[in-house]
Each structure stands twice: as structure tokens, then as C-alpha cells.
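Student: Per my numbering: the sequence shown = residues 7 to 58.
Incorrect hints may have been included.
Claimed, not checked - Derived CB-CB ranges, DEER-like:
| id | residue 1 | residue 2 | range |
| --- | --- | --- | --- |
| 1 | 33 | 53 | 22 to 32 Å |
| 2 | 47 | 11 | 44 to 54 Å |
| 3 | 24 | 45 | 24 to 34 Å |
| 4 | 18 | 51 | 41 to 51 Å |
Quick caveat, the hints were computed from the structure, so don't treat them as lab data. Because the structure is a prediction, the values reported are computed rather than measured. We treat Cβ as the ideally placed atom computed from N, Cα and C, and that holds for glycine.
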Amino acid sequence: MTVQVFLQKRAGLLMLSLAQQLFGAFEKLFVRLLCHTMLQIHKERSSPDLLP
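Construct the entire structure; sequences and hints are all you get.
Tutor: Below is the structure:
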């Protein structure tokens with residue numbers, strides 16, 4: 007295996023792990039945002055029922 011191929015494989019693995027970390031962070035953020043939005047909608051829907 008030449009040095010260039012080795013470096014290319016290393017760079018590919020590094021990019022892959024970075025992509026996985028980014029995806030994980032976005033996934034957490036998306037889930038948090040989704041939960042927050044659903045809670046807000048639930049509050050807005052249920053609040054008129056509580057008011058006289």
C-alpha cells in the first residue's frame with residue numbers, strides 16, 4: 007500500500023467519523039426541536055379549554 011492510498015483512506019475514515027458526529031448532533035437537535043414544538047402545540051390547544 008502506498009502512502010497516498012493510506013492517507014486517502016485515513017482522510018476518508020476521518021470524514022466519515024466527522025459526518026457521523028455531525029449527524030448525531032443534528033439528530034439530537036431535531037428531536038429536541040420536535041418535542042418542543044409538539045409541547046407548544048399541545049399547550050396552545052389545551053389552553054382555550056382551561057379558560058372560561
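Student: Work down the list of hints and note, for each, if the structure agrees.
Tutor: Hints versus structure:
no., hint, in the structure
1, 33 x 53: 22 to 32 Å, "holds, 30 Å"
2, 47 x 11: 44 to 54 Å, "holds, 53 Å"
3, 24 x 45: 24 to 34 Å, "holds, 32 Å"
4, 18 x 51: 41 to 51 Å, "holds, 48 Å"
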